[in-house]
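Go by the hints and put chain B with the ligands onto chain A.
So the chains spell out like this:
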Amino acid sequence: MTDQPPIGHLLDADVLGEAAASSKPGTAEYVLEAVDIHKRYGRNEVLRGVSFGVHRGDVKAVLGPSGSGKSTMLRCLALLEPVDAGEVRLEGRRIGVRETSGRLAALPERVLAKERSEIGMVFQRFNLFPHLTALGNVMIGLTEVRGKSKGEAREIAQTMLARVGLAQRASSYVSELSGGQQQRVAIARALVMNPKVMLFDEPTSALDPELVGEVLAVMEELAREGMTMVVVTHEIGFAKRVADRVIMIDAGAIIEDAPPDQFFGNPQQERTRKFLDAVQ
Amino acid sequence: MDFKPSVFFEALTSPAFIDGVKVTITLTVVAMAFGLALGLLIAILRSSPWAPVRTAAWAYIWIFRAIPTLVQLLFVWDGLPQLFPTFRGDWFSAFLAASIALSMNEAAYAAEVFRGGLLSIDEGQRLAARALGMSPARVFSKVIAPQLIRVTIPPLSNDFITMLKITSLASIISLQELLARTQTLVASTFRFVEYYSAAALYYLVVVSIFMIIQAQIERRFVWMSRPSAGMSAIGRVRQFAALR
Ligand SMILES: Nc1ncnc2c1ncn2[C@@H]1O[C@H](COP(=O)(O)OP(=O)(O)OP(=O)(O)O)[C@@H](O)[C@H]1O
Ligand SMILES: [Mg+2]
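So the protein sequences, as listed, match chains A and B.
Each residue of the first sequence is one higher than the one before, starting from 1 at the first, in my numbering.
Each residue of the second sequence is one higher than the one before, starting from 1 at the first, in my numbering.
Here chain A stands alone, though its shape is the one from the complex (with noise of 0.2 Å):
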């Protein structure tokens, strides 16, 4: 089966539509941000006060050692974790929690949905729904949180796909489509909802080795094409090429944090030396 596609303009007005189009950029500083952040399990504090900030159009690439918390890390910024304290910022706006005369409180799980639904998530095990079809993927978020028609969901979810080289495995469930073109659908499902910051949890270390290549292209082109993006991942020729900054974590805070030149030639902290020989 060869569907190697032609990637290309992933993130065109003409595929998102109006919304696209209305999103205009805010004026903050960063899209994203993450400021002081500490979240704890029981008592193994995973995150020990984690701040940084993405620039639009910018790609922070995250390395650490395992069990570090970047996946935690993630999970807090799209808010499916709450953080037990600090910030995180869209666009310069606090989410996840609500100030009610001058207290904060966590939002309920339906308001927090809403901003979600502005932040996309790609998951280490692609986690597509095993009960739809590669369109049908694509199209659950535009009908069931963006409220669209089921036509004109499928006509952007179609688009989406083409242009990740999925046009032909519309009809596919899941069981039937490899792990490179799950992690392409699951990434196309994310894209559709037009969302400001794209977080990706090590989209590659599921798969075989040969399937590798197929996703990080389409992340490339995404990259190229200016979405802001925050990627854990342990391909250090993939952040080498792409990323603005490198982001080091370690036992849940960032021990390093800089331009990729600097972070692989010349490393401030011991630790990411020896990470970085480690990997290597």
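Since the hints were made in silico from the structure, they are not lab data.
We put the CB at the ideal spot given by N, CA and C, even for glycine.
It is possible that some hints are incorrect.
Stated by the list, open to error - Only pairs whose alpha carbons sit at most 30 Å apart, straight line, appear in this in silico DSS-like list of lysine-lysine: (1) A:K196 - B:K142; (2) A:K148 - A:K114; (3) A:K114 - B:K142; (4) A:K114 - A:K196; (5) B:K4 - B:K22; (6) A:K150 - B:K142; (7) B:K22 - B:K165; (8) A:K150 - A:K114; (9) A:K148 - A:K196; (10) A:K148 - B:K142; (11) B:K165 - B:K4; (12) A:K150 - A:K196.
Stated by the list, open to error - With the C-beta cut set under 7 Å, the calculated list includes, among others, these residues of chain A facing chain B: (13) R110; (14) R116; (15) S117; (16) M121; (17) R125; (18) F129; (19) P130; (20) H131.
Unchecked claim - Simulated coverage check for chain A against chain B, where a stretch passes if three residues somewhere in it have a Cβ under 8 Å from a Cβ of chain B: (21) 138-145; (22) 173-181.
Just chain B with the ligands now, kept in the frame of chain A:
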């Protein structure tokens, strides 16, 4: 050998028998419908963040699975009127009592089936649905429920067949279902074999029709573009497993 085919065929076509079958089927459907709804609720409460709620749901399952169904049936029919005078009215029919007892009993079993089904669904499914921005109700109805139905069809079909058979317990509280009708006719004719054979045949036919419906439903939950022959073979094996 003393078997009169004419008596057997008379039994099969007698209006009393057919009325009994109708009661049996209606009671089965009613008890399953309420039992499944209550069972799903209890399964969800089992994973409530609130400990007393979890304990109450656990206690329900514990009690209703431990006590014999016949005891539950007699308790509702004879016990409730003693405890609460409102149940002494004519409105409290044997059918109503049997519906209450059997659906509460079924709820305990269904809750465990649903709980197992919910646990079998990958946590990533809920996570991905929430990340898209789906409300909790949509996450359940559009993502969790279809997968829950698929994995629970075989065990719940088993429950359905069991229910069809244990409705015969309600003959004890004088509900005129299939077995009670049979016994009445046997008592006046002393033709045991013909009448019991006719009743058995009715149960067999109803279960067979249900198994065909089950296979149709299962086919709709095969998530492949071209369901292969292998899958329907599995479906057949499941049907036979359900017969035991
Ligand atoms: N839901 C949870 N409940 C309890 N502990 C958790 C939970 N999720 C993560 N943890 C713990 O938090 C720590 C960080 O986990 P996390 O998955 O964020 O690490 P990671 O950097 O993504 O690792 P990996 O590279 O293996 O994916 C681990 O010690 C993990 O056991
Ligand atoms: Mg992880």
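Quick rundown of the hints versus the structure:
1. A:K196 - B:K142: Status holds; Cα separation ~25 Å.
2. A:K148 - A:K114: Holds, because 15 Å separates the two Cα atoms, which is no more than 30 Å.
3. A:K114 - B:K142: Holds, because 17 Å separates the two Cα atoms, which is no more than 30 Å.
4. A:K114 - A:K196: holds (13 Å)
5. B:K4 - B:K22: holds (26 Å)
6. A:K150 - B:K142: holds (14 Å)
7. B:K22 - B:K165: The hint holds at about 14 Å.
8. A:K150 - A:K114: holds (20 Å)
9. A:K148 - A:K196: holds (19 Å)
10. A:K148 - B:K142: holds (15 Å)
11. B:K165 - B:K4: holds (26 Å)
12. A:K150 - A:K196: holds (24 Å)
13. R110: holds (5 Å)
14. R116: holds (5 Å)
15. S117: holds (3 Å)
16. M121: holds (4 Å)
17. R125: holds (6 Å)
18. F129: holds (6 Å)
19. P130: Status holds, d = 6 Å.
20. H131: At about 4 Å, which falls below the 7 Å cut-off, the nearest Cβ of chain B leaves the hint on H131 of chain A intact, so it holds.
21. 138-145: holds (count 4)
22. 173-181: Result for this restraint: holds, n = 4.
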